[in-house]
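2 protein chains.
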Amino acid sequence: MTGGTPYGRGGGRGTGTGWLNGDMSLDPEIAARLKRNPDGLVPAIAQQHDTGEVLMLAWMNDEALHRTLTTGRATYWSRSRGEFWVKGDTSGHVQHVKSVALDCDGDTILVRVDQVGAACHTGDRTCFDTGRLEMLG
Amino acid sequence: MTGGTPYGRGGGRGTGTGWLNGDMSLDPEIAARLKRNPDGLVPAIAQQHDTGEVLMLAWMNDEALHRTLTTGRATYWSRSRGEFWVKGDTSGHVQHVKSVALDCDGDTILVRVDQVGAACHTGDRTCFDTGRLEMLG
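Keeping their order, the protein sequence lines are chains A and B. When we follow the UniProt record's numbering, the leftmost residue of the first sequence carries the number 1, and every step to the right adds one. When we follow the UniProt record's numbering, the leftmost residue of the second sequence carries the number 1, and every step to the right adds one.
Hints were generated in silico from the structure; no laboratory data involved. Among the clues, some could well be false.
[What the hints assert, rightly or not] Here are the computed distance ranges between Cβ atoms for each label pair:
#1 A/52 x B/35: 23 to 31 Å
#2 A/125 x B/51: 12 to 20 Å
#3 A/29 x B/106: 29 to 37 Å
#4 B/63 x A/32: 31 to 39 Å
The beta carbon of each residue, even a glycine, is placed where N, CA and C say it ideally should be.
Bound-form chain A, shown alone (with noise of 0.2 Å):
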């Protein structure tokens, strides 16, 4: 069932009555800021908030963005397992969120967190911790 039946407000999906009324939708200025790639997706980079680590990179939908705004725990989309990845669920791993932004043509999201463990499903504390590659000039 959609939003916008003659029942009035707070039935469905996307009528902006919020969580109690079991909304998962994104703040409609939001989503219409937001840049997907074909699959609907936009990448989100996860930062550890202090130190400025890039963690990972790992992708939003828009109720993947409405979760962790809402819940302060960042919430991916899993493209290989095709449903939401609330970081750290299975891990222990948790990402709480500190900030949340969009950059200037809205198609990618910062998201800064405070990383309990590692970030990396290596166990590494961040995924780029062992892949640099040599320079050549």
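Since chain A is already given, all that's left is putting chain B on it; use the hints.
Showing chain B alone in chain A's frame:
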């Protein structure tokens, strides 16, 4: 003309002989690790090397990564213009590359740079300076 002719090495692309012979190809070992989107692109996060600021996100194909590694100038593929984009060639806001890393699964590049002036085309230092979203939790 491609490499692998009976006339030996150095005749063209992919022969491993480098820029002096006009070789524009990425190291095959690096290329084998890259996971590209359907357009052949990988997201590249540009970070100021000393302050940790996340400056912007842009996109690289294999040759853009190769040029970045060999020239020391951050070089992207402009999706809007459909051409290579040597950051700063027009604006003067050059990115001098300090290091490059691939993430754990080869689908994101982290480029640590020394950014001259503004990274953002708006004149802001980073592309995220004005896009902060309100937390609703």
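Inset, instruction - May I ask which of the numbered hints given earlier this structure violates, with the numbers listed in increasing order? - result: none
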